[in-house]
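Engineer: Here is how the chains run, residue by residue.
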Amino acid sequence: MNLNFISPAYLLGILGIGLPILVHLLTRRRQTRIKFSAVYLLLQSKKRSIRRSKPNRLLLLLFRCLAIVCLSLALASPIFSLGPADEFLPPVPSANVFIIDDSYSMGKQAENKTLYAEALLTLAGTLKNISPESSFSLVAASAPARVLLDWVNDRETLLNKIKSSKPSYRTTDIGPAVAEAQKLLEAASQQAKRIFILTDRDKNGWDAKHFPKQAGDSIAVKVMDFSGRQEGRNRAAVTRVTVTQEFLTNSRIVRVKAGVANLLPKKSLRGVPLTLWVNGKKEREISLALPPSSVVDKEFSFPLPGHEAVEGFVAIADDALAADNRRYFTYQPDRKINVLVVDGDPNTVAHQSETFYLERALNPFYGSLSDIEPTISTLDELFNRNLRLYSVIMLCNVRELPIEYELELEEFVVRGGALFVSVGDKVDAKFYNEKMGNLLPVNFESLNRAARRDEPFHFLMEPSEHPVLKLFKGRIRKEMDGIRFFSLYKVSPRTGRTPGIPMRFKNGWPAVVESSFGKGKTILFVSSIDRDWNEFPIQPTFLPWIQRWVKYSARSLGSISQQDLLVGQSFALGEEMDAGGAYFLETLGGRVRLVEKKAGTHGFPPSYRPGVYRVYRSSAAYAAAPQSPREEIVRLPVDAEKIGGFTVNVDTRESNAEKISREEIRKILGAFGSVTTTDFVTQKSGTGMDAKGTPLTTPFLLLMALALFWEGWQVRRE
Amino acid sequence: MPNAVKSVYDPDILAKTASLSIRARHLVEGYLSGQHKSRHKGSSVEFAEYKDYTPGDEIKHIDWKLVGKTDKYHVKQFEQSTNLKCTILLDASGSMAYTSPLRTSQGMTKMEYAQTLVAALAYIVLHQFDGVGLLTFNDRIVNHIPPRYKPSHFQHIVHGLETLEPRGTTRIGSVINKIIESLPGRSMIILISDLLAPKDNLYKDLKLMRSRGLEIILFHLLHPDELDLPFEGDIVFESLEDDPDIGADPADIRKAYQKIVRGQVDSYKKTFPSLGVDYVFLETSTPLDQALNYYLLRRKSLHKG
Chain A
1 MNLNFISPAY
11 LLGILGIGLP
21 ILVHLLTRRR
31 QTRIKFSAVY
41 LLLQSKKRSI
51 RRSKPNRLLL
61 LLFRCLAIVC
71 LSLALASPIF
81 SLGPADEFLP
91 PVPSANVFII
101 DDSYSMGKQA
111 ENKTLYAEAL
121 LTLAGTLKNI
131 SPESSFSLVA
141 ASAPARVLLD
151 WVNDRETLLN
161 KIKSSKPSYR
171 TTDIGPAVAE
181 AQKLLEAASQ
191 QAKRIFILTD
201 RDKNGWDAKH
211 FPKQAGDSIA
221 VKVMDFSGRQ
231 EGRNRAAVTR
241 VTVTQEFLTN
251 SRIVRVKAGV
261 ANLLPKKSLR
271 GVPLTLWVNG
281 KKEREISLAL
291 PPSSVVDKEF
301 SFPLPGHEAV
311 EGFVAIADDA
321 LAADNRRYFT
331 YQPDRKINVL
341 VVDGDPNTVA
351 HQSETFYLER
361 ALNPFYGSLS
371 DIEPTISTLD
381 ELFNRNLRLY
391 SVIMLCNVRE
401 LPIEYELELE
411 EFVVRGGALF
421 VSVGDKVDAK
431 FYNEKMGNLL
441 PVNFESLNRA
451 ARRDEPFHFL
461 MEPSEHPVLK
471 LFKGRIRKEM
481 DGIRFFSLYK
491 VSPRTGRTPG
501 IPMRFKNGWP
511 AVVESSFGKG
521 KTILFVSSID
531 RDWNEFPIQP
541 TFLPWIQRWV
551 KYSARSLGSI
561 SQQDLLVGQS
571 FALGEEMDAG
581 GAYFLETLGG
591 RVRLVEKKAG
601 THGFPPSYRP
611 GVYRVYRSSA
621 AYAAAPQSPR
631 EEIVRLPVDA
641 EKIGGFTVNV
651 DTRESNAEKI
661 SREEIRKILG
671 AFGSVTTTDF
681 VTQKSGTGMD
691 AKGTPLTTPF
701 LLLMALALFW
711 EGWQVRRE
Chain B
1 MPNAVKSVYD
11 PDILAKTASL
21 SIRARHLVEG
31 YLSGQHKSRH
41 KGSSVEFAEY
51 KDYTPGDEIK
61 HIDWKLVGKT
71 DKYHVKQFEQ
81 STNLKCTILL
91 DASGSMAYTS
101 PLRTSQGMTK
111 MEYAQTLVAA
121 LAYIVLHQFD
131 GVGLLTFNDR
141 IVNHIPPRYK
151 PSHFQHIVHG
161 LETLEPRGTT
171 RIGSVINKII
181 ESLPGRSMII
191 LISDLLAPKD
201 NLYKDLKLMR
211 SRGLEIILFH
221 LLHPDELDLP
231 FEGDIVFESL
241 EDDPDIGADP
251 ADIRKAYQKI
261 VRGQVDSYKK
271 TFPSLGVDYV
281 FLETSTPLDQ
291 ALNYYLLRRK
301 SLHKG
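Going line by line, the protein sequences match chains A and B.
Here the working numbering is used: the first residue of the first sequence is 1, the next is one more, and so on.
Here the working numbering is used: the first residue of the second sequence is 1, the next is one more, and so on.
Hints were generated in silico from the structure; no laboratory data involved.
Where a beta carbon is used, it is the ideal one built from N, C-alpha and C, also for glycine.
A few of these clues could be false.
[To be verified] Cut-off 25 Å, straight-line C-alpha distance, at most; resulting in silico cross-link-like pairs (DMTMM-like, lysine to aspartate or glutamate):
| no. | chain 1 | residue 1 | chain 2 | residue 2 |
| --- | --- | --- | --- | --- |
| 1 | A | K35 | B | D139 |
| 2 | A | K46 | B | E165 |
| 3 | A | K47 | B | D249 |
| 4 | A | K35 | B | E112 |
| 5 | A | K47 | B | E165 |
| 6 | A | K46 | A | E711 |
| 7 | A | K35 | B | D278 |
| 8 | A | K35 | B | D63 |
| 9 | A | K47 | B | E238 |
| 10 | A | K46 | B | D234 |
| 11 | A | K47 | B | D242 |
| 12 | A | K46 | B | E232 |
| 13 | A | K47 | B | E162 |
| 14 | A | K35 | B | E165 |
| 15 | A | K35 | B | D245 |
| 16 | A | K46 | B | E238 |
| 17 | A | K47 | B | D252 |
| 18 | A | K35 | B | E232 |
| 19 | A | K46 | B | D252 |
[To be verified] Looking from chain A toward chain B, a few residues come up when the C-beta cut is under 10 Å (computed):
| no. | residue |
| --- | --- |
| 20 | R30 |
| 21 | R33 |
| 22 | A38 |
| 23 | Y40 |
| 24 | L42 |
| 25 | Q44 |
| 26 | S45 |
Okay, chain B solo, but in the shape it has when bound (with noise of 0.2 Å):
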């Protein structure tokens, strides 16, 4: 990919754009002119079968030229493949709020790279005709938007990440727990979460989504900060979330530190797959058409199924 392209989905340059709709559709509309053709003359639009027109079937599906020809009214059927219904659960507990404190560090904050990733997903699913819907939750949920096929529910979706103000701790199991039923079957589940919290049941209850049908993308999403720790001097620790606070010069625990973070991010990379979860493991640093990328070519992979 040309240096010029690449910068498009450079988080410290999308950071430089205020409008987060703005920043998704640059991000989609550059990523989907540089990958491939668009998908909007694809599958979803192709003409499946002619049936015998009922009352109560849409008017403007009569194929008029076939009436003028044979004078019985036939309504014409589309592939049914494009009516995905995608769910974009977002974390928006306290822990995603971090700011990095770093002078060194600039771009995009966790929470905006997350938005971005949120507003650009939704983008590229309408755009492909699938419905999306957006669901923000901490320990409960704080806001859930049904997925909708209309290109206009995009700027719900923005809306609702615009007004997101995380905050509270993590708790996604349970959030899991009451909304897997209102979850429409065989649809896509997309989790953008940090994952800083205990891990309790969530393979447990990832494992019962993928069990009812539910295709699961799992964006684990940290700040650089998170993983190598690069604070110095003596340091007490305020918990974004419920932890008490703790006092610790990061020299001496560093190393510890980190080797916990990758072995989580390690052990995660083993145990999703395996559980039939798709874990994509985002720096706040990385560009974001890896996680568009991703998700194409999910999303195909689905559609060929």
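Excised from the complex, chain A in its bound form (with noise of 0.2 Å):
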């Protein structure tokens, strides 16, 4: 017969009782004792009286004191059970592997302490009733699954590590730490092996696939239920964070879209206050109203005078469980857009040069404005460019590339880049046909003159929603639908292909081609980009044509330094853009730590906590001082350059609050010899688990309700 109790520290409020007490001392009535002559009328008015004699007043402090000890012993939480302690630990040496479910879900609360702390605390206490000479390992149960310590027998080695333990932001994976623990075991020489896995059952964690198939009967689980201690629901998440611009319209607004989630299968959640934090400062806060088991998108804006990345995250109000209330994000507005412009056909004399137009239109006032900074080059230049520095490619009537130079291109564009293409009376069709396949979706057929200088082709411009054209209207419109063309490829598409065409010409041929391949896009004009075959470079619309297409096409580059990543995920650097020197990763807290470059490319270590981490690069070869390893905390270096930011978030699977039935845990754990399961429940008793002892903090409730009342109804009647 055992009484347990889970809390004990508020055994120490029965010492309450002295309260009652000493108002009782305090308050006690003197008793006078007088002579009386007519005590038999006394005894018989006593029976008569309707309004009886006072309460016994030591029977009152009795009660009183009766329900301040019911109280400290139901807020202990006593566990009530007949038989032995444990029954799972036989006095014989043993190896003992304890899996530990290190998830954020175990961060829950459970009255002052998190699931984790109370299971850490569990395991202290097992470790207690385990018999002498027997040996422990520590696996964490976590994604991925690890062995945080190998076979010891030394019970404080165990303690220690234990003790500095929190839980981790990473989803449960159970099945490949009990495969890790089985590996363990199969390596001990005790008779005697268990598993015991301290969860809080959430089903996420329990997939099936990844449990052994296979277990030997000698190795008997114990799975320890957590669930049942949490206080309150995890309520809702936020479980998207995604960050837009209008980079087209220049204009300074930011657009931040957060999907909230409301975990809750039934019931709705009104005034979930949600709240924008950007560089530290709350910019925003809203008010939510989640339907149950639905996601929520809500979108802030905001200003952005500057051109500074910005940083910051979307909280909802804390519940049961914080990791989740919060998505991180990172930002960096207007990038500055490398274009390299190939000059098919330049000229000695400036405006006579195929980019002339071209070039000033990207960047009329020399850059001083613009964020498109164009770099001219001829085609004899271009195996000295490197193309990783740019995020388009303008050929501009180039007659035919170099020798499988258009390789370099489809890698460009496959890794993100924007190639733009245009014609000219260089240009050998030819070429374009057979080697640029994959690049253009579409043959050039023809090259087709007006016939007369007054019958020139003219722009079909049509009310159309393509990003780049979609402002195109009005008297715009008109001006470019007066814009004459002289001279144009007829393109047709080649088989298989289905290219975008958001442009066309009256007569019904296309004059801009678009289409996307790997990670970039490909655009194709169809006529010459300075003033021979058309006069559309010196209309004003041109400008800004000609600059949407471009920002347009480089946006696809964007999100390679904007990288939102789940926790234990590593940063991807990309060779695009390792551009040489080394990397640091300042992570949270401003400690910055040196990239080590493994086979050839920078191998970033998974981020194990959300936030937001900030890459910087430095183009001189970096050496850390030898004695420190090159992983450890290193000095940002003078030149060091930010290159971008990413974003660490929890993977919110685990945020569902769906648990694993004990059948289910028994049929996943089929293969070991026995498998039982205690629920560490003390206020929600009979969720069909085995509950090793008779949770006893509602009798004592009831009893403290009982003793209270009975008080209340006495003092009343005084």
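Two chains, two frames, some hints: make the complex.
Structural biologist: As structure tokens, this is what we get:
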């Protein structure tokens, strides 16, 4: 017969009985004795009196003390059980693997502690009951599962290990942890082998595919469930955040769109505060209504006058699980777009060059205002250009590319670069048709010239929702409508390709052909980009038209430096970004680590804490101090330049409160000799788990209520 | 009655007089002088007839003037009505010793009041040439002073009262049974008691006494505390007789107690007259002249009868 207390500290509350005793002593009335003649009449009066005599004050005191004792006992969460303390722990030396679920769902609150802290306390208590000469090992059950402590015989080592541990921000993955435990136990010499799984039974961590299919009967498994200990429910989570900016309109408005999920299956949530924090300041706060089991998207917008990167997060009010109530984002507005313009018809007279008008249109004020940085190059200079430094390559009236250079261009576009092709009298259509098949989804059929100077070709300017063209309307569209084109190539789609045709001429021929290849885009303009074949470059609409196409096509490159990672994932720098030098990662709290280069690439370590991380590059080769390991904290070099940032957020699969049932656990762990489950429930009995003891919290609370009721009734009568 | 005279009977004032005999005389003289002319010249000395002297008659009763005229010896005979014998039965049980613990309650205690009443009655009876005796009792007879006519007998009565120590329980019935045979026929019984005992056969015993021709005046004496239960707080009541102690808050039982006590008094007021017993309820705060008044009225009616 056992009576255990989950929170024995509350037993100190029993000392509180001193208070009513003190009050009793202080308020005790002195009893006087009077010699009286008609005592027998008093006796009769007492019997007849409707107003009964005052309650026995000692009895009142007794009930008050009883109420306090009951309250203390109830708070201490007593568990009463018949039989031995734990049949799972026979008094023989054994090999014991403790699998501790350190996923972030174990950070839920249980009284004043987290479930994880409760689990550690239980683990420490279990250790005391394990017979001497046993050995212990500790495995973490968050993804990826890992052995935290190999076999030790010293309990203190294990205790010290768990004392310093905290719940992680990872998801639960019990299966691989069990597999690790099995491996450990196979190497153990003891006959008795046990696995203790301390978890909150989150269903997402119990994927049957990850569990060992075969295990010896000698291994017993005990699942210690702490889910019943949690206070409150994980009601909501921020599941996604996206940041956008109207980059085509030069708007300074940044839009942050957050998705908030109601995790409760049947209950609507009203008045959920959703706050937007930008660069450490609260920018906006709104209130949300969330229908049951749904995700509601809410968009914030705020002006961003500068060009600096913004970092922030979207948060909801804390519930039982705080880890999923915040989601980080980072955004680099108006990135500088480096454009490599290849002039296929250069001329010593500047205005006769193919790219004369284009260069001025891309950067009319020589870099002072425009976000586009054009670099003019001739065909011969192409080999000297590092394409990784450019977002967009524009081939202007290029006859043909150097041998196999089209392959480099393909690789550039596949990685996310943009290729803009304009034609002219130098263009060898045959070359483009034969070699540029992957990049250009159309064939050049014929060069067409206007029959007469006064019968030119014209754009067919119809209302369009295309991101580039949607702003061209009204008077501007009318102006574009009148632009005269005298020569152009007629193109037709290649077999099996369905290119986008955002602009056509009035005769129905495509004017602009758009297609995607890999992560990048290709844009083909079927006329010249100078005045040889048309009057477009000298029209006012040319500048916004070409700038918007460049920005539009370069947009896909933005995602490279804005990766939203989940906890445990690694930042991938990518070859296109790897411009040599040393890379540094500024982690949370401002600590800087040098990123070690492995196998020719910079391998960023997995990030296990949610937050915003910054990446810096130093062009100079960095030599770490010889005595310090490469990944230790270092000082950021003076010339280090911030090249971007990325965010790490929790995987909200763990937020789901769905629990796996006892039957399913037994089924999944069927390969093991015996599986027992222990429910550390005090408030919620009868959850279907094997309760090893009867929780006495409710009976004590009822007894306390009875005592208080009786006491109150008596005092009221008085 | 003038206030100055009234104050003479006030128990609070009488209590200041230490001597019981002086207190009684003071009370009775004051009462009689204010009430009517003395009964000294009353019927008890009125001439009835002559009879021939026979040896054994008192020589002092021979009418010598008539002897001179007739030369025959004649003896004067007087009215026999003055020969009333009055026995005062005083309850001397423990309950009569009740003394109020309240500071507000001053004046006579219940026993002092009873003693004063007995002494005054004895004094007034003797002044009327009646015989008076005193019998004190609790559950048995404590002291018995037989009735005498001599004025000096008053001192015996007073002495008996002064040496009285109330104790024990009240058993009126058993006492009546013991004395009823020795009481002279057609005499008067004045019973003074608080009647704080179970009634048992009280009515029956008094009825028996009445059937033997005894005139009974019952002075029911209670202290105001015993009527109102004016105490406050948590109190343990110790019995002055043999009842067990009882702890109670008087506030809880006051109403019920008052109802019982007044109910008893009301019951006595109805029942005793029907038995031929003159019932007089007296609080110790009641002026004593009321009791004397009642006695004299009763005595007068007896004389006429």
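Engineer: Indicate, hint by hint, whether the structure satisfies it.
Structural biologist: Cross-check of the supplied hints:
Between the alpha carbons of A:K35 and B:D139 the distance comes to roughly 20 Å, so the proposed pair stays at or under 25 Å and holds. Pair hint A:K46 plus B:E165 does not hold up; C-alpha atoms about 31 Å apart against a cutoff of 25 Å. In summary, the hint linking A:K47 to B:D249 is supported, as the alpha carbons are separated by about 13 Å, within the 25 Å threshold. For the proposed pair A:K35 and B:E112, the alpha carbon gap of about 17 Å is at most 25 Å, so the pair holds.
Distance hint between A:K47 and B:E165 is unfulfilled; the C-alpha atoms sit about 33 Å from each other, more than 25 Å. For the hint pairing A:K46 with A:E711, the CA-to-CA distance comes to about 22 Å; that is within 25 Å, so the pair holds. The suggested pairing of A:K35 with B:D278 is violated, with an alpha-carbon distance near 31 Å, which exceeds 25 Å. The hinted pair formed by A:K35 and B:D63 fails the criterion: a straight-line CA distance of about 63 Å is larger than 25 Å.
For the proposed pair A:K47 and B:E238, the alpha carbon gap of about 18 Å is at most 25 Å, so the pair holds. Annotation: proposed proximity of A:K46 to B:D234 holds, straight-line Cα distance about 14 Å (limit 25 Å). Under the criterion of a C-alpha separation no larger than 25 Å, the hint pairing A:K47 with B:D242 is consistent with the structure, at around 19 Å. Restraint check for A:K46 and B:E232: the C-alpha separation of about 16 Å stays at or below 25 Å, so the hint holds.
A C-alpha spacing of about 39 Å is found between A:K47 and B:E162, which places the hinted pair above 25 Å, so the restraint is violated. Pair hint A:K35 plus B:E165 holds up; C-alpha atoms about 16 Å apart against a cutoff of 25 Å. Restraint check: the Cα-Cα separation between A:K35 and B:D245 comes to about 9 Å, which is no more than 25 Å; the hinted pair holds. Note on A:K46 and B:E238: the hinted pairing holds, with a Cα-Cα distance of about 15 Å set against a maximum of 25 Å.
Using a Cα cut-off of 25 Å, the hinted pair A:K47 and B:D252 holds, with the two alpha carbons roughly 11 Å apart. Pair hint A:K35 plus B:E232 holds up; C-alpha atoms about 14 Å apart against a cutoff of 25 Å. A distance of roughly 8 Å separates the Cα atoms of A:K46 and B:D252; the hinted pair therefore holds under the 25 Å criterion. For A:R30, the shortest C-beta to C-beta distance to chain B is roughly 7 Å, which falls under 10 Å, so the interface hint holds.
Of the supplied interface hints, the one on A:R33 holds, with its beta-carbon coming within about 5 Å of a beta-carbon of chain B, less than 10 Å. Proximity of A:A38 to chain B holds as hinted, the smallest CB-CB distance being about 5 Å (cut-off 10 Å). Taken as an interface hint, A:Y40 checks out: its beta carbon lies about 5 Å from the nearest beta carbon of chain B, inside 10 Å. Nearest Cβ of chain B to the Cβ of A:L42: about 5 Å, under the 10 Å cut. The hint holds.
The beta carbon of A:Q44 comes within 6 Å of a beta carbon in chain B, closer than 10 Å, and the hint placing it at the interface holds. Look at A:S45: its Cβ gets to within about 4 Å of chain B, closer than 10 Å, so that hint holds up.
Going through the hint list in order, the structure does not satisfy hints 2, 5, 7, 8, 13.
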